[in-house]
Amino acid sequence: MITAVLRRVGAGVLVLWAAASAAYLALLAAPGSTVDAIIGDGADTPGIRAQIIDEWHLDRPALVQYLDFLWRAAHGDLGRSYLLQRPVSAVIGSQLVPTLKLAVAAAVFGLVLALVFAIFARRLTSVIGLVLVSTPPFLIGIVLLSVFSFTLGWFPVSGDRSFAALVLPAITMGLPIAGTLAQVLREGLDRALEEPFAVTARARGLRERAVLTRHALKHALLPAVTMLSWSFGVLIGGTVIIEQVFGRPGLGQVTVQAVNSSDLPVVLAVVILAAAVFVVINTVTDLAYLLIDPRLRRS
Amino acid sequence: MTPPLVRVEDLTITFHLPRRTVEAVRGVSFTIEPGECVAIVGESGSGKSVTARSLVGLAGPGARVDAATLEVDGQDARRFAPRDWRRLRGGFAGLVLQDALVSLDPLRTVGAEIAEVLRVHSSRSRSERTREALRLLDEVHVPEPERRAGQYPHQLSGGLRQRALIASALAGGPKLLIADEPTTALDATVQAQILKLLAERRSLGDTLLLISHDLAVVSRLADRVLVMKDGRLVESGTTKRLLSGADHPYTRKLIAAASGRRRESTAEPGPVVAEATALRKVYGDRAVVRDVGVTIRRGEIVGLVGESGSGKTTVAQLLFGLVEPTSGQVRFEGQRFSGVPERARRPLRRRLQFIAQDPLSAFDPRWTVRRIVAEALPRGESVTPVLERVGLGGDVLDRYPRQLSGGQRQRVAIARAIAPRPSLIICDEPVSALDVSVQEQVLDLLAGIRERDGTALLFISHDLGVVRDLADRVLVMQDGQVVEQGTSQAVFEQPQHEYTRRLLAAVPTLEVSA
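Same order as they appear, the protein sequences are chains A and B.
Under our numbering, the first residue of the first sequence is numbered 1, with each subsequent residue one higher.
Under our numbering, the first residue of the second sequence is numbered 1, with each subsequent residue one higher.
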């Protein structure tokens, strides 16, 4: 069990290193000199150029530059945005929390809703799922906004100041997840309910609902966990549109601006961060698997 | 007089499937008295399982159960609501299914599975339930109950698993224990232990309903036997009467199948086809095959017997060139077959064929029978003659493996194996997944192929009964070693090794009194 955990963590570190290196290569491959690439659309003065050369050790051998970049990245120092005149970690850090909040809230809402559908409305799941999956999220968002914010005034129209501001965007992003997840869960439940252990459980006098929740559900969770972790990764990337619709701060906004203004240090940081998010999600997924299925614990 | 536990008259069970209606059980009547052991015997598809399951209202989805009388525990079960059935399940009747690896929830500990029955049927506290689960494990003779209760089904051996499953069925203190093929997935020695446990339950006063395809398995235990075929009850009576003189030809066929029949050969063994010397295979620090040597001649059937984990399948893989030996050598048709690149083996591959236990997973499910067999045939040859040789008609040509019965599937597997005219066929448990009556037919077929083509067979099985009926020579394996070998006659009539004697003693036999 411990070796299995260590192996997964080691693989995660390897992926992060590869992502950081790929990002660094992209920086080298950018048109013009490395200094030009880092400045982007920002102010271009001899002072700033000197500052960049000093910070990135551009006067040292290439290998030292690279190792120094890795070393700094490993310590959370992702350089400085010369466009925004702030450290990259500060730029991203302030935006990461709202995005994570939204993604987690949406994933939790999606999972809970999917469980409710799969357990209590098994026959309806495929219809509900189809409707939810085929409706574009921004449309859901606009409809929710006009009903609950503009007409009823229950939730704020924009911003991220209160929990109430999180509700509508989380529902918007969570609904399509619930749609797919409910279908995956239902399929898993249907399959598990036909297994011999389900017959044994019924033969003990269990109610059908208890056979479902106490036995079949755990089996159905395995594919659902994979599905959920995948959609969580997509969530992080997909927040851009929702952040626009609901006027929320977040990573999506930062990324769009950084790409538009060629703010390469920020773009690099976003790439590494995205890799880190996927590594964390995948590791958590693998561990969840071990937790759910004891047969996988043998190493 | 106490009333019967179960009284069934004119039971009919119909399955309404999307495109057709299947009458699984037609007009079956029987009773089960307290303290009795009744067995229902029949082939797969005879309706025996669904009959038993209908007694606890679990005939299955889409099943319609009709009966003139369906009395369970003195109540008219025809008007039962789901709630009434639930009260009976676990409480009045406990159900033991075939394979505990899948019949116990693989994601829960066996302790939790046993305690669950108590959760439903008693108001005991959590700690009392745990204690009771341990007591039940002890009662079915599971050693170290504390440790075992915390383990998952896959961590237990087949025998311990099955005991745990029985413990969970006993937990509600049922009046009736329904055991549906309770030993079919088990090795003979383990099967013997489980049968002993069931006999012990019976002597303690439990009422048993046994379901099996194998008359020999139930004959020692059952007071009465019901024989089912195609949904009908063809014969019933005391076990003694049926064995001494069955009326129905089908019953007599079942008895013949369970008694076994030696298939002698007139073929003289020819030159050596395959030879393995001093084979050794080590995985990690565990030697699964130790110093095994075997020679197979043309026209010879060599049996390789042993329990699961004895290393017999690894020997097959070594001979087949799927696994490289750690040391030792395999020669096939005079050429080196181990320690050479696969490229060197490939020209010989057609001469060496394989038949697996479960052909369903050995076929591409999207291929028709025609395509499966044609792939193995030399280019341009027709499929029909090969199928005729295994007793299959042209009607199966365009069917998919799933649409065939178990016996038909194994025939297709044999057709595929003989199609390239091999000199040796390795059969790994080729009849273990089949009903006894179908087993006999497949054994006849294999014997015929040896007789006519002179094909050598390596016949691997945990079932000494079928090996005795077919093999000329036998090798007995235990813990990766051959502990005894010799002609079938010598090994089976005068076993030298203690392990062989134990295996032999475990083979269920019919005591047919003339």
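Incorrect hints may have been included.
Stated by the list, open to error - Below, computed lysine to aspartate or glutamate pairings styled on DMTMM-like, alpha-carbon distance capped at 25 Å:
#1 B:LYS175 <-> A:GLU208
#2 B:LYS196 <-> B:GLU128
#3 B:LYS253 <-> B:ASP285
#4 A:LYS218 <-> B:ASP138
#5 B:LYS175 <-> B:GLU128
#6 B:LYS175 <-> B:ASP138
Honestly, the hints are just simulated from the structure, not real lab data.
Evaluated hints:
1. Taken as a hint, the LYS175 (chain B) and GLU208 (chain A) pair is honoured in the structure, with Cα atoms around 23 Å apart against an allowance of 25 Å.
2. Note on LYS196 (chain B) and GLU128 (chain B): the hinted pairing is violated, with a Cα-Cα distance of about 29 Å set against a maximum of 25 Å.
3. Proposed proximity of LYS253 (chain B) and ASP285 (chain B) is contradicted: the alpha carbons are some 49 Å apart, above 25 Å.
4. For the given pair, LYS218 (chain A) sits about 29 Å from ASP138 (chain B) by alpha-carbon distance, which is inconsistent with the 25 Å threshold.
5. Only pairs whose Cα atoms come within 25 Å are accepted, and LYS175 (chain B) paired with GLU128 (chain B) is accepted, the gap being roughly 22 Å.
6. Using a Cα cut-off of 25 Å, the hinted pair LYS175 (chain B) and ASP138 (chain B) holds, with the two alpha carbons roughly 20 Å apart.
In this structure, the hints that do not hold are numbers 2, 3 and 4, in rising order.
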